[in-house]
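Each chain, letter by letter, is given below.
Protein chains: 2
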Amino acid sequence: MVFSVIRDKWQPIIKQLEAVLGKKGVIKRKEELLTYECDGLPQYRQRPALVTLPKTTEEVSAIARICHENDIPWIARGAGTGLSGGALPVEDCVLIVTARMREVLEVDYENQRIVVQPGIINNWVTQTVSGAGFYYAPDPSSQIICSIGGNVAENSGGVHCLKYGTTTNHVLGLTIVTPEGDIVKIGGKVPETPGYDLTGLFVGSEGTLGIATEITLKILKTPDSICVVLADFNSIEEAGNAVAEIIRSGIIPAGMEMMDNFSINAVEDIVATQCYPRDAQAILLVELDGLEVEVTNYKEKVGEICLRCGARNITSAKDAPTRLKLWKGRKAAFAAMGKISPNYFVQDGVVPRSQLASVLSEISALGEQYGYRIANVFHAGDGNLHPLILYNQAEEGSFEKVEELGGEILKLCVRVGGSISGEHGIGSDKKCYMADMFTEADLETMQYVRSAFNPKGLANPEKIFPTPRTCGEAANAKKAEFKNIQAF
Amino acid sequence: MVFSVIRDKWQPIIKQLEAVLGKKGVIKRKEELLTYECDGLPQYRQRPALVTLPKTTEEVSAIARICHENDIPWIARGAGTGLSGGALPVEDCVLIVTARMREVLEVDYENQRIVVQPGIINNWVTQTVSGAGFYYAPDPSSQIICSIGGNVAENSGGVHCLKYGTTTNHVLGLTIVTPEGDIVKIGGKVPETPGYDLTGLFVGSEGTLGIATEITLKILKTPDSICVVLADFNSIEEAGNAVAEIIRSGIIPAGMEMMDNFSINAVEDIVATQCYPRDAQAILLVELDGLEVEVTNYKEKVGEICLRCGARNITSAKDAPTRLKLWKGRKAAFAAMGKISPNYFVQDGVVPRSQLASVLSEISALGEQYGYRIANVFHAGDGNLHPLILYNQAEEGSFEKVEELGGEILKLCVRVGGSISGEHGIGSDKKCYMADMFTEADLETMQYVRSAFNPKGLANPEKIFPTPRTCGEAANAKKAEFKNIQAF
Chain A
1 MVFSVIRDKW QPIIKQLEAV LGKKGVIKRK EELLTYECDG LPQYRQRPAL VTLPKTTEEV
61 SAIARICHEN DIPWIARGAG TGLSGGALPV EDCVLIVTAR MREVLEVDYE NQRIVVQPGI
121 INNWVTQTVS GAGFYYAPDP SSQIICSIGG NVAENSGGVH CLKYGTTTNH VLGLTIVTPE
181 GDIVKIGGKV PETPGYDLTG LFVGSEGTLG IATEITLKIL KTPDSICVVL ADFNSIEEAG
241 NAVAEIIRSG IIPAGMEMMD NFSINAVEDI VATQCYPRDA QAILLVELDG LEVEVTNYKE
301 KVGEICLRCG ARNITSAKDA PTRLKLWKGR KAAFAAMGKI SPNYFVQDGV VPRSQLASVL
361 SEISALGEQY GYRIANVFHA GDGNLHPLIL YNQAEEGSFE KVEELGGEIL KLCVRVGGSI
421 SGEHGIGSDK KCYMADMFTE ADLETMQYVR SAFNPKGLAN PEKIFPTPRT CGEAANAKKA
481 EFKNIQAF
Chain B
1 MVFSVIRDKW QPIIKQLEAV LGKKGVIKRK EELLTYECDG LPQYRQRPAL VTLPKTTEEV
61 SAIARICHEN DIPWIARGAG TGLSGGALPV EDCVLIVTAR MREVLEVDYE NQRIVVQPGI
121 INNWVTQTVS GAGFYYAPDP SSQIICSIGG NVAENSGGVH CLKYGTTTNH VLGLTIVTPE
181 GDIVKIGGKV PETPGYDLTG LFVGSEGTLG IATEITLKIL KTPDSICVVL ADFNSIEEAG
241 NAVAEIIRSG IIPAGMEMMD NFSINAVEDI VATQCYPRDA QAILLVELDG LEVEVTNYKE
301 KVGEICLRCG ARNITSAKDA PTRLKLWKGR KAAFAAMGKI SPNYFVQDGV VPRSQLASVL
361 SEISALGEQY GYRIANVFHA GDGNLHPLIL YNQAEEGSFE KVEELGGEIL KLCVRVGGSI
421 SGEHGIGSDK KCYMADMFTE ADLETMQYVR SAFNPKGLAN PEKIFPTPRT CGEAANAKKA
481 EFKNIQAF
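Those protein sequences? They're chains A and B, same order as listed. Per full-length UniProt numbering: the first sequence = residues 1 to 488. Per full-length UniProt numbering: the second sequence = residues 1 to 488.
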């Protein structure tokens with residue numbers, strides 16, 4: 001009866017948690033726990049010991065305190081859509097799931113603020129305020145299912161980040177529960193608050209510094225007018241030049257997305273937009289927003305620049321149905337890959353805009369070398385690449401090979417002065433590559449900060465930072481030996 | 001010979017520092033040290049033991065290491081223009097002055113980045129890149145004399161922060177020297193880097209986490225067209241409403257400044273702009289930038305909104321000389337106060353935009369209560385107030401009274417949901433008010449972060465955080481007793 005012995009160890013913990021959350025607030029049955037074994041990176045799995053479903057900041061604080069007192073690791077989880085395994089459980093851990101924390105706590109149109117609980121879905125924020133003429137700008141592809149709490153943890157981006165920035169630019173204040181269970185308010189409702197910018201530090205810390213339980217977001221005025229311009233090109237280079245020239249002209253589009261020939265055809269095969277020419281080597285989708293007169297003017301300028309850079313055709317749309325039609329293929333791109341290939345692996349890296357064309361051609365060469373096809377659909381304006389590596393997991397050892405190829409792509413991004421993550425985070429998936437981007441002193445400084453918040457290392461252990469256990473490289477072993485730091 | 005005994009204690013330190021910096025790199029003569037007794041807050045003074053003038057990151061690192069090994073507090077100082085006493089020396093400290101660190105290290109127009117040393121003057125960044133059609137957006141009033149390193153320490157703002165954000169939105173990466181002398185690179189050249197956002201944490205940390213020695217800044221395309229709209233009103237309320245209505249309309253002006261009747265008359269007395277009507281209770285200066293067509297359209301909209309809110313006259317200017325004429329009074333406002341009053345004290349607080357009119361009337365009532373005239377010249381769009389309290393320091397006890405009045409204004413800002421600093425920082429001047437804005441747990445969390453970087457507390461001690469020594473309040477005494485923290 002090994003199982004019951006293990007469970008018995010948890011009985012006093014379950015009792016304490018149920019005293020706070022009620023019986024319905026604690027999930028303990030093996031089959032119900034299965035759902036929580038992984039997030040949007042299904043290649044890694046681990047069952048948690050327990051799942052908790054708090055409703056309030058105070059309940060979250062009580063859970064964290066119970067874990068702290070009993071030395072139990074805990075992991076915050078929103079909607080579980082993260083792509084880097086940031087919410088992947090560790091052995092014998094408690095999950096704090098925010099699915100029952102979905103209240104809008106306050107809306108202040110005058111000062112353009114909304115206060116929400118972390119479990120609220122990204123898209124609901126815009127739905128809540130759109131009647132009054134406002135919206136919430138960060139729009140990850142998963143926006144109809146991902147949670148704001150998860151967006152805060154990963155500093156999520158999206159198509160509109162080119163003009164409006166990532167989540168960090170839209171979070172003004174947070175109530176957080178620290179790994180020791182303390183409730184701390186950071187930031188506020190005005191844009192600048194004194195002391196350290198802990199809000200900026202917390203956003204993107206991937207659950208390793210605590211959990212946000214109340215989030216004050218900036219809401220923006222819905223633009224008067226929106227226009228989408230679609231341009232198709234004979235080469236990636238031409239499209240890349242058009243991106244650089246548009247930015248150089250002083251126009252900052254709301255979004256600027258590129259798709260390569262392979263993605264175009266995959267999308268046309270599956271959703272048949274009939275907007276993207278199958279023989280184009282690249283298409284560019286440029287969204288412009290602002291006042292009517294401004295958008296009209298920008299639209300003309302963008303069209304001129306694209307033609308000057310070699311575009312074959314320019315289409316544009318201002319009315320919502322046609323705009324959605326032009327966007328349809330881009331929005332369906334990941335799903336299309338899922339249909340034309342048994343499996344795909346999305347990478348997320350950033351390169352300086354000036355390096356776009358050369359990096360894409362190197363990625364293509366790497367794909368050939370490893371024997372995999374790579375589709376490119378990405379936020380061109382920010383240089384945020386999303387190469388999709390197509391493969392078949394049923395083939396022995398294929399995922400390991402794909403991971404290696406993904407790693408080569410990240411190293412390439414770092415080599416040209418870019419970054420190993422644009423918007424998906426490091427999580428479990430990319431921690432091995434942190435040492436390619438940061439020196440020992442850099443990582444040590446981050447670990448000091450982590451320890452300041454998370455001295456026992458109980459909040460989301462084994463994430464972000466390289467550890468010998470997972471990287472298996474001697475070079476990394478050293479990096480985990482931080483003086484005075486209880487690294488996990 | 002007490003003096004020589006004290007100096008003798010410094011002889012081995014001087015020797016070590018001169019070995020790194022040469023004789024000219026270390027200032028030790030009493031009369032030369034006088035210059036460094038205070039920054040832009042002259043009411044507090046303290047002579048440093050030594051001043052060092054490094055030229056490179058490595059030299060800064062060597063100085064920090066010498067201080068660390070000998071337990072000597074050190075303070076980074078840029079141009080010394082800070083208004084909150086952030087660069088105020090403490091007893092027996094070493095200053096690290098960046099006056100010889102004024103190199104532009106790299107300019108990358110393609111990716112819109114510039115890398116500079118910290119001693120470079122804010123305005124020089126724009127001068128360096130303006131020929132190629134770029135500029136650096138944050139523009140504190142002191143921009144022709146303040147240093148970029150100081151801007152990073154204080155997260156400086158300026159007129160254009162309404163549209164473009166404060167310094168933190170324009171710093172992409174930093175090389176820092178930690179209080180232990182380590183050289184650490186944080187952030188990078190692309191907008192998003194993984195791991196903790198230490199760049200965001202460092203900007204605005206007022207020299208307490210280390211010193212930035214290389215700074216990567218974003219540069220922006222010079223706008224096609226700029227227009228300034230001047231509107232005058234019969235009441236502050238009307239002008240306040242116009243500010244709210246302009247923002248509500250979806251227009252984000254580059255800047256939106258307000259001056260009250262008292263400031264208008266002070267300015268007209270001194271610089272005679274002849275643009276600001278002396279009988280107006282408030283004027284609004286709205287700067288619009290962007291494409292020609294956009295600016296023209298915005299200008300009309302802003303004019304219409306102001307008239308609808310009760311403006312008496314609207315003037316506007318697109319050509320540079322007329323624009324400068326409209327701005328002249330605003331730019332000269334602080335200097336004008338210096339001429340009409342023996343002394344003045346600038347406060348810096350933030351209120352939610354919706355509270356502007358009511359807070360201004362409360363400030364005026366507080367002024368009457370204390371018997372001082374208060375001029376209001378401020379960044380209305382951000383709700384960032386700069387009340388100028390006019391007084392005569394020669395009158396016994398006047399500065400203490402003015403400080404108390406300034407404190408009341410800050411408490412009022414906090415009461416309405418605002419902040420005790422918009423852009424000048426906390427420094428030495430405002431640390432007593434931190435407890436009005438933050439709870440014990442909030443401040444404790446910041447102290448933990450400070451300790452992570454600055455375990456001995458040697459980098460800029462006695463700044464930001466309240467200490468019983470300066471606040472003298474029993475309530476604050478408790479807050480300094482942080483467990484495991486070596487607070488100063």
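If you are wondering where the hints come from, they were derived from the structure by calculation, not from laboratory data. One or more hints might be untrue.
If several chains are the same, the list does not tell them apart, and a pair holds so long as it fits within one copy or across any two.
In silico lysine-lysine, BS3-like type, Cα no more than 25 Å apart, as pairs [said to hold, decoys possible]:
hint : residue 1 : residue 2
1    : Lys55     : Lys15
2    : Lys218    : Lys301
3    : Lys301    : Lys163
4    : Lys411    : Lys189
5    : Lys189    : Lys163
6    : Lys411    : Lys185
7    : Lys163    : Lys221
8    : Lys24     : Lys339
Since the model is a prediction, treat every value here as computed from it, not as a measurement.
task: With 25 Å as the alpha-carbon cut-off, assign the pair lysine 411 and lysine 185 to within, between, both or neither.
output: between (38 Å within a copy, 18 Å between copies)
- prompt: 25 Å Cα cut-off: does lysine 411 pair with lysine 189 within a copy, between copies, both or neither?
  reply: between (39 Å within a copy, 16 Å between copies)
task: Please work out whether the CA atoms of lysine 24 and lysine 339 approach to 25 Å or closer within one copy, between two copies, in both situations, or in neither?
output: neither (38 Å within a copy, 70 Å between copies)
task: At 25 Å max between alpha carbons, let me know whether lysine 189 reaches lysine 163 within a copy, between copies, both or neither.
output: both (22 Å within a copy, 17 Å between copies)
message: Please sort lysine 301 with lysine 163 into within, between, both or neither, judging by C-alpha distance up to 25 Å.
response: both (17 Å within a copy, 23 Å between copies)
message: If the cut is 25 Å between Cα atoms, do lysine 218 and lysine 301 qualify within a copy, between copies, both or neither?
response: Close across copies (24 Å), not inside one copy (30 Å); limit 25 Å.
message: Treating 25 Å as the Cα threshold, decide for lysine 163 and lysine 221: within, between, both or neither.
response: For lysine 163 and lysine 221, the Cα distance is within 25 Å both inside one copy (14 Å) and across copies (14 Å).
task: Evaluate lysine 55 and lysine 15 at a C-alpha cut-off of 25 Å and name the case that applies: within, between, both or neither.
output: within (18 Å within a copy, 62 Å between copies)
In this structure, only the earlier hint numbered 8 is contradicted, and the remaining ones agree with it.
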